[in-house]
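Which chain is which? The protein sequence lines are A and B, in order. FYI, this note's numbering numbers position 38 of the first sequence as 44, with every residue one higher than the one before it. FYI, this note's numbering numbers position 137 of the second sequence as 143, with every residue one higher than the one before it.
For the record, the hints were derived by calculation from the structure and aren't laboratory data. Quick caveat: nothing in here was measured; it's all calculated off a predicted structure. The reader is advised that the hints may include incorrect statements.
For chains that are exact copies, the list does not tell them apart, and a pair is met inside one copy or across any two.
[As the list claims (entries may be wrong)] Below 27 Å or equal to it, Euclidean Cα-Cα: the simulated DSS-like pairs (lysine-lysine) are: (1) LYS188 to LYS222; (2) LYS126 to LYS172; (3) LYS234 to LYS127; (4) LYS19 to LYS222; (5) LYS126 to LYS174; (6) LYS126 to LYS188; (7) LYS234 to LYS174; (8) LYS148 to LYS234; (9) LYS138 to LYS152; (10) LYS152 to LYS174; (11) LYS126 to LYS234; (12) LYS124 to LYS176; (13) LYS138 to LYS222; (14) LYS138 to LYS127.
2 protein chains.
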Amino acid sequence: ELVTLSSDFFADKYLQDQHWVITAGPTREAIDPVRYISNYSSGKMGYAIAHAALRAGAKVTLISGPVNISAPRGCELIEVTSAEQMYQQALTYAPQGTTFIACAAVADYRVADIAKEKIKKDNEHMQLSLVKNQDIVADVAKLANKPFIVGFAAETQNIAHYARGKLKRKNLDLIAANDVAKAGQGFNSDDNALTLYSAFDEIEIPLANKQVIATKLVSLINQHYLAKSTKP
Amino acid sequence: ELVTLSSDFFADKYLQDQHWVITAGPTREAIDPVRYISNYSSGKMGYAIAHAALRAGAKVTLISGPVNISAPRGCELIEVTSAEQMYQQALTYAPQGTTFIACAAVADYRVADIAKEKIKKDNEHMQLSLVKNQDIVADVAKLANKPFIVGFAAETQNIAHYARGKLKRKNLDLIAANDVAKAGQGFNSDDNALTLYSAFDEIEIPLANKQVIATKLVSLINQHYLAKSTKP
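Start from the sequences and build out the full structure, keeping to the hints where you can.
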């Protein structure tokens with residue numbers, strides 16, 4: 007703990023004038039009072055980014071879905087459950103930030119009609135009707151007073167293709183893509199490997215502990231942020 | 007810790023010739039490589055029963071879905087994810103037990119066709135086709151060499167009606183029913199309140215910590231088990 011304290015203490019506070027708004031973790035979409043749809047996101051990557059941004063001196067607002075890890079000390083933690091709740095909080099806080107990091111694995115679909123009582127298993131088959139949720143990062147990118155925006159793409163195939171498509175279509179500044187089909191990285195793992203895409207470049211961050219990845223990523227995001235801010 | 011140790015040490019080992027097979031926690035039914043359907047079960051009740059049975063001297067096999075709590079020391083832990091895996095393990099271990107406790111919140115339905123790649127959100131609407139899973143506790147009750155069987159019913163309405171129906175239809179010895187719609191008990195709570203139904207009686211176990219509930223429940227289950235064993 008002394009080592010952490012010292013390295014925190016001496017870390018360069020290069021983000022001290024910035025406010026990072028970070029979403030993290032999964033969302034849960036209710037089916038009925040006991041069942042839900044979710045995903046394997048542990049929140050570790052988003053929390054590691056929050057920690058690294060705090061260390062670099064940023065003010066951090068962390069909007070988090072249900073996870074089993076503790077928020078880093080010093081951040082403003084906003085807890086949500088559903089994609090709709092995350093949307094509301096993200097659209098509230100993002101305009102206050104200099105940087106918005108959409109690291110949460112937000113459910114793309116919610117259940118069309120949430121049952122008020124537990125659904126009985128009377129039938130051999132059941133159809134669950136889902137409707138698309140609002141796209142948080144795309145709507146943040148439509149704001150007049152939008153911050154610098156970093157999206158995430160967790161893919162299982164054609165990673166570069168989907169990531170570049172998402173970057174352009176949603177009008178993001180950066181997108182961090184990872185292959186969640188690979189064992190030992192991504193969802194629920196302590197390690198990750200990312201490729202960071204901008205309209206101008208592509209940077210590999212090789213497999214490492216999520217804290218190490220986060221430290222590199224925060225620095226790279228800041229470099230792109232500064233490059234954009236100083237452009238004519 | 008000394009208090010726990012002492013009370014464990016002096017507890018009456020009234021289950022020392024019994025082997026309890028207990029299922030606990032939720033299951034997760036995959037939708038695609040990143041998404042799944044689950045429920046709010048924390049595993050706390052099943053783990054508390056395992057702990058109480060171990061204290062009373064039983065051999066305990068704990069078949070558990072994904073939870074964030076530690077298994078009690080001394081139990082045989084079998085970890086599973088899906089309802090199908092839990093079914094396989096339960097049908098393997100239950101015949102070896104004197105008592106089978108179906109405390110897990112097993113998914114009633116699984117996704118008909120699990121997507122091999124992450125489903126893209128191309129459409130505004132999506133239909134998820136589900137098919138019914140095999141009924142673990144009902145199939146254990148059909149075994150020739152079946153143990154004494156205790157089911158659970160987590161309901162949000164008409165609790166006594168559903169519990170008594172399940173007891174009879176599935177041919178169980180006992181059923182422990184709780185109202186998961188009530189705040190502060192049941193799913194994900196540290197407290198619970200149960201009603202235990204047999205074909206002959208109905209016993210209320212009022213709201214208390216799950217460890218307290220589990221201690222009472224284990225003793226009541228044993229009383230019913232002994233009554234059944236000594237019947238002509």
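Each hint tested on the structure:
| no. | hint | in the structure |
| --- | --- | --- |
| 1 | LYS188 to LYS222 | within (21 Å within a copy, 46 Å between copies) |
| 2 | LYS126 to LYS172 | between (40 Å within a copy, 12 Å between copies) |
| 3 | LYS234 to LYS127 | neither (55 Å within a copy, 30 Å between copies) |
| 4 | LYS19 to LYS222 | within (14 Å within a copy, 56 Å between copies) |
| 5 | LYS126 to LYS174 | between (44 Å within a copy, 17 Å between copies) |
| 6 | LYS126 to LYS188 | between (37 Å within a copy, 18 Å between copies) |
| 7 | LYS234 to LYS174 | within (16 Å within a copy, 69 Å between copies) |
| 8 | LYS148 to LYS234 | within (17 Å within a copy, 69 Å between copies) |
| 9 | LYS138 to LYS152 | within (23 Å within a copy, 46 Å between copies) |
| 10 | LYS152 to LYS174 | within (16 Å within a copy, 61 Å between copies) |
| 11 | LYS126 to LYS234 | neither (55 Å within a copy, 31 Å between copies) |
| 12 | LYS124 to LYS176 | between (38 Å within a copy, 19 Å between copies) |
| 13 | LYS138 to LYS222 | neither (33 Å within a copy, 46 Å between copies) |
| 14 | LYS138 to LYS127 | both (26 Å within a copy, 7 Å between copies) |
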